[in-house]
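Enquirer: Given next are the chains, with one letter for each unit.
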Amino acid sequence: MPRRTMIEAIRDAMDVMMARDANVVVFGEDVGYFGGVFRATQGLQAKYGHNRCFDAPINESGIVGAAIGMAAYGLRPCVEIQFADYMYPGYDQIVSEAARLRYRSNGDFTCPLVIRMPTGGGISGGETHSQSPEALFTHVAGLKTVVPSSPRDAKGLLISAIEDPDPVIFLEPKRLYNGPFDGHHDRPMTPWSKHHLGEVPDGHYTIPLGQAAIRREGNALTVLAYGTMVHVAMAAAVETGVDAEIIDLRTLVPLDLETIAASVRKTGRCVIVHEATLTSGFGAELSALVQETCFYHLEVPIKRVTGWDTPYPHAQEWDYFPGPARLGRALLETMEQ
Amino acid sequence: MPRRTMIEAIRDAMDVMMARDANVVVFGEDVGYFGGVFRATQGLQAKYGHNRCFDAPINESGIVGAAIGMAAYGLRPCVEIQFADYMYPGYDQIVSEAARLRYRSNGDFTCPLVIRMPTGGGISGGETHSQSPEALFTHVAGLKTVVPSSPRDAKGLLISAIEDPDPVIFLEPKRLYNGPFDGHHDRPMTPWSKHHLGEVPDGHYTIPLGQAAIRREGNALTVLAYGTMVHVAMAAAVETGVDAEIIDLRTLVPLDLETIAASVRKTGRCVIVHEATLTSGFGAELSALVQETCFYHLEVPIKRVTGWDTPYPHAQEWDYFPGPARLGRALLETMEQ
Amino acid sequence: MIDHAPLTLHVPEPAVRPGGTPDFSSVRIPKAGSVARPPVDADPESIRDLAYSIIRVLNRDGEAVGPWANLLSDSQLLDGLRHMMTLRAFDARMLMSQRQGKTSFYMQHMGEEAVSCAFRKALSPGDMNFPTYRQAGLLIADDYPLVDMMNQIYSNERDPLKGRQMPVLYSSRKNGFFSVSGNLATQYIQAVGWAMASAIKNDTRIAVGWIGDGATAESDFHAALVFASTYKAPVVLNIVNNQWAISTFQGIARGGSGTFAARGLGFGIPALRVDGNDYLAVYAVARWAIERARRNLGPTLIEHVTYRVGAHSTSDDPAAYRPKAESDAWPLGDPIIRLKKHLIVRGAWSEERHNQAEAEILDTVIAAQKEAEQHGTLHAGGQPSVRDMFEGVYEQMPPHLHRQRHEVGV
Amino acid sequence: MIDHAPLTLHVPEPAVRPGGTPDFSSVRIPKAGSVARPPVDADPESIRDLAYSIIRVLNRDGEAVGPWANLLSDSQLLDGLRHMMTLRAFDARMLMSQRQGKTSFYMQHMGEEAVSCAFRKALSPGDMNFPTYRQAGLLIADDYPLVDMMNQIYSNERDPLKGRQMPVLYSSRKNGFFSVSGNLATQYIQAVGWAMASAIKNDTRIAVGWIGDGATAESDFHAALVFASTYKAPVVLNIVNNQWAISTFQGIARGGSGTFAARGLGFGIPALRVDGNDYLAVYAVARWAIERARRNLGPTLIEHVTYRVGAHSTSDDPAAYRPKAESDAWPLGDPIIRLKKHLIVRGAWSEERHNQAEAEILDTVIAAQKEAEQHGTLHAGGQPSVRDMFEGVYEQMPPHLHRQRHEVGV
Ligand SMILES: Cc1ncc(C[n+]2csc(CCOP(=O)(O)OP(=O)(O)O)c2C)c(N)n1
Ligand SMILES: Cc1ncc(C[n+]2csc(CCOP(=O)(O)OP(=O)(O)O)c2C)c(N)n1
Ligand SMILES: [Mg+2]
Ligand SMILES: [Mg+2]
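Line by line, the protein sequences are chains A, Z, R and B. Numbering-wise (my numbering), the first sequence opens with residue 1 and increments by one. Numbering-wise (my numbering), the second sequence opens with residue 338 and increments by one. Numbering-wise (my numbering), the third sequence opens with residue 675 and increments by one. Numbering-wise (my numbering), the fourth sequence opens with residue 1085 and increments by one.
Everything labelled a hint here was simulated from the structure, so no lab data went into it. It should be emphasised that the depicted structure is a prediction, and the values quoted were computed from it without experimental measurement. Yeah, the Cβ is synthetic: ideal placement off N, Cα and C, and Gly gets one too. Mixed in with the good hints there might be a few duds.
[Said to hold, decoys possible] Output of the computed footprint for chain Z on chain A, the stretches with three or more beta carbons under 8 Å from beta carbons of chain Z:
id, region
1, 96 to 105
2, 139 to 150
3, 273 to 280
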């Protein structure tokens, strides 16, 4: 099976969908001729024409707002926000318009729209190229929120997202674009070609939204992770020797609560990890749900291991980032309690 | 002591501060001559001049952005967003600018800014006049988030907010403007003049940010509430006869976790109530924190009683609103477990 | 810089406030027929004066004059009159319903009826409007059933929007009427996006954006103009300048620019101002702009100069912020009276027929109202279900909403 | 509408792409000295042609000509030259540092040095700039220590911003340099707010906003123009049109409008275009606009026409999206070479002195760099502390941050 980086897989998903469906259009800042600052759309303009893949003015509200109009017309726009940190100017269009159009019009108009955005830190990007704003989407009824952790998932999930009849926020952990980064920033990087989930089938396939994947089976403890943190969790489990079951959520809304609950009922212990700021992060929702559904199976408190409640710093990046050492300590503490 | 409605108390807070500090300025849509659609700023332009209280163009990003510039200059702007539902166009300025200015400039520039916004439903306002977006602020490092539940608190907290050296989001439950609404929408409304917290001292006083208030002592169960839900909780406790301790959080960030934890350790049971959508609402953070700090004291699962994961509907308002009946059932269920 | 006088803040204020005497003498009103009609492919730079004038067709004597006249037949004009009268009667009844507690909220069009009624008639089937809450004339002039509008306003069991949306925020795709948002200006850029989609698909349908004078200050107005200008989108962008936002006069949004239409000039977008109380002028300008869009010549910005005679909504009382007599002093008159007069001058109408039509229209509106009320009003009779609240958030209900609906037992 | 041809989408494209031959022959460059200098209180409508021309002072022969000339003495011009040369040398060293891994990121000014260096000299103490990431000339021309800039770039133990902020996003209140945001355009409306505050306080200080051509598409650009126009804020709003956003040419942001300056016209804001590679012209136009603001005449919009010779940042390679030779073909030349030539023509400078100055400046920059590097670079030597990460989120650290800091044990 062909090996692809996550960027290649994402590009391939758009390519496959643009070829299959003339209503799929792709635009955003620098995505046309140049192919995007992370090159996710490279070659698409040349292949499908200026009509289907083009540069947008630097106006995130305009990008999302225009895409909503296109979606209402009947297209399936898949737009790029250059960094998730820059989605805020478009947040009103996402929350007040895309998310509620079907509901408020009782299905008279709908919004099949995908908004891709690179997310997460680890690239020395400071406070404006590192954020993980997923919780700002999961709170909004009407949105689906997806965070892939591998090339194979990224392609299958993105195809599902483009085919979905409702707006999907597609958060791409940029630190995973080129390899399964596990938080060991001081070690040489493993490329996707050496990882089994770097195997990406050609052509059309989907991974359904709303299904988690168990990345590692274990009996002692459940780790809930998504995106980059899946790989950090794998490293932490190996390094600590904790018999952790690692669940890759893949989709935050809708959430695969069944898989989560089954695992926590089995292990009785749960650690949640994400890169976003702690307070009101998606970990809070996960913690609340696990507590609500598995209360009588929990042996020790659920722990959250996350970015701190500060902006994402430039120089102290690795102190902010919840890496394998910090997560490993949490795993051991949870086992020792 | 004088009795005031919550609107009068809020107006009085601005009046007191404008009189004390020439750097306090007030502006927003319709706040000048007219005094705001809820009349919170009525009379301030006449009293302090067009320089200190004026109408703004309908541009929430402009209102917040200009206020940030003014705060950086050295003023203390206290601006109004007409409805919390309309803050989204200004969200970028709040999150990316106001919240991070002190941090990113290492205190070279600061942002003493208050953003007032009417919040919550119960006025047949449908999806765009009813929202409770507090969790979208609590997730953002650098912001403080306040939700008063009475005239007395509203005035004291707003004065604290205006005097605070950092940006404060001040969410005013609009259903409380005229009385301590407890969710019984079919009963005649009690005015603030009949409620002891409608007694509002004249002149300057503060209620510190970050201190919760116990509104009702109880031993059987702890209810965590804020804003309108404080009064709903009071009604539910009385109506069910559950010996509930009701904590009015008043400030969500910084949070008075000590008061919360002490209560839950005492009661062993906790119900959280808010009007916002369930998923990733502030209740999730509260649940996670209670679970983390009181795990070994919890006898039954923490319950969340909230608005549903739908937009706020127009006709089905009272099915959406977590009223005393629904909360009462949750209290009883929590006691029965 | 010690030699400079201190700076001062300039805060624009309307000429008069309650207690004062309205005075519109400074408002320049060009003579009907006096503004040239350029070819639709004129260079925007060559017609920039249109952004500072007012295109008018009906003169004081009720005659249609000048290069923008003579586009509509008697029967078309009679239709137009009927639409405007229907909208006004509809508004009056629904205002009353709101006061009677049959719904929560209402927004009327008094004085602005010509804008949406006339514009609608210049469009073709399949074109899509992105309206605000004050363009119900688009539906009425397209013969959308009054009873369905009322069902929506009442949030009753037949409400096409299932009680989810506030009154007057209609939606009707098949009438080219995009779901109205409660948020200002958001729909302006969506209109541009829809138009871009039509161009991408090599369609011939065009889009129409609508915005109020106050809402032009919103940032999405800019987004729309940028995108429309860059991609030459086939869209007509309407600004309805009814002189007031809520309590805020248009000077706060307009600032130092002479007109709202002028905003288009910085984008190379042809910009026209039209007498919004002149059915014929609105229609003529609409036709011109729509033809531009349809011929792939790109966007046009139109400022409709009109006046909001009533309150902003049922939630405010304009007496608190402007003189009561201001609407009477408004120099562009009433659109219904002006069209009626024109039709009489044309010999196609009379006072008697007008009175009769008024009575008939009222009957029609009342009949619709009775029918709607049989299906319930906001707090009485048939209601949308609680189930409807949970449905339609997504096409397929996800598990968490299933759980929540189950919790309620519906 | 069956008789209409199908619509098509217009997507602007630059004249040439890699492989093509750069051609700026369609760019209208007015003769130096040919644009009139109106009084600062001229009616904006009467000077709208300034938004479509280019104010230039230095002609091809290096002479300063026309009504905008003769404002600066030899020594002021020599200072200007030194500032620009320092900025260029600084950029070169820091680019190299970035390539050596001493920091994560850098953004250079090559070709645009005149804009910020000249503008700064027209300001008075206390005035406040709201810059983007490409106006370090504002600091250098104000004699801000190079070593402090480098400390920031290196995020080292002396970084005034404690390692929190990305390289080049400086902040220096005392130099009238507002904390640079990583988000585009947000600071434009903040500048207007700061200016309004100054007016509210009857101060005499003015504010200056800065934005790039690409970022004018952002909505906060509109917010700024609306507020500036409405409140006649004492602010100068600069657009640095360096022809490119990242890979996106200016046509995508500009659309059908002839120029970026034209955007101001729809707001009644006087708008000027200036040769951004002409130190004297930038200074003259800055003086004009600043005087307008200071005299309470309100905002001015200035489009600085220049060219980004280097990459957008260290993260991109322009060869991927434009011909390599494009910068050489750029018709406005190099700002340093032009000012140098002018000074030689004036008899105040020579090739030898220039070479000597270049060497001296390089020495100064290298000395600063050595000093900075003693305090560490991004991954080596002195570092800001982990404690610094937790501090400064609020004035007083709230309990939850205390707990988190405690968890880390710092
Ligand atoms: C984003 C947003 N901000 C504020 C409001 C509140 N609001 C509703 S209508 C209105 C005034 C709009 O005035 P204008 O655009 O002139 O339209 P008109 O009502 O006159 O037709 C305001 C401020 C809103 N609906 N949305
Ligand atoms: C809100 C936002 N969107 C996108 C970006 C990413 N970005 C950084 S610089 C840039 C291009 C800006 O171009 P221009 O305004 O012309 O400035 P220049 O770099 O040419 O000086 C982009 C798209 C950003 N920083 N902020
Ligand atoms: Mg209006
Ligand atoms: Mg640029």
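Enquirer: Can you give the numbers of the hints that this structure goes against, from lowest to highest?
Expert: Structure breaks no hint.
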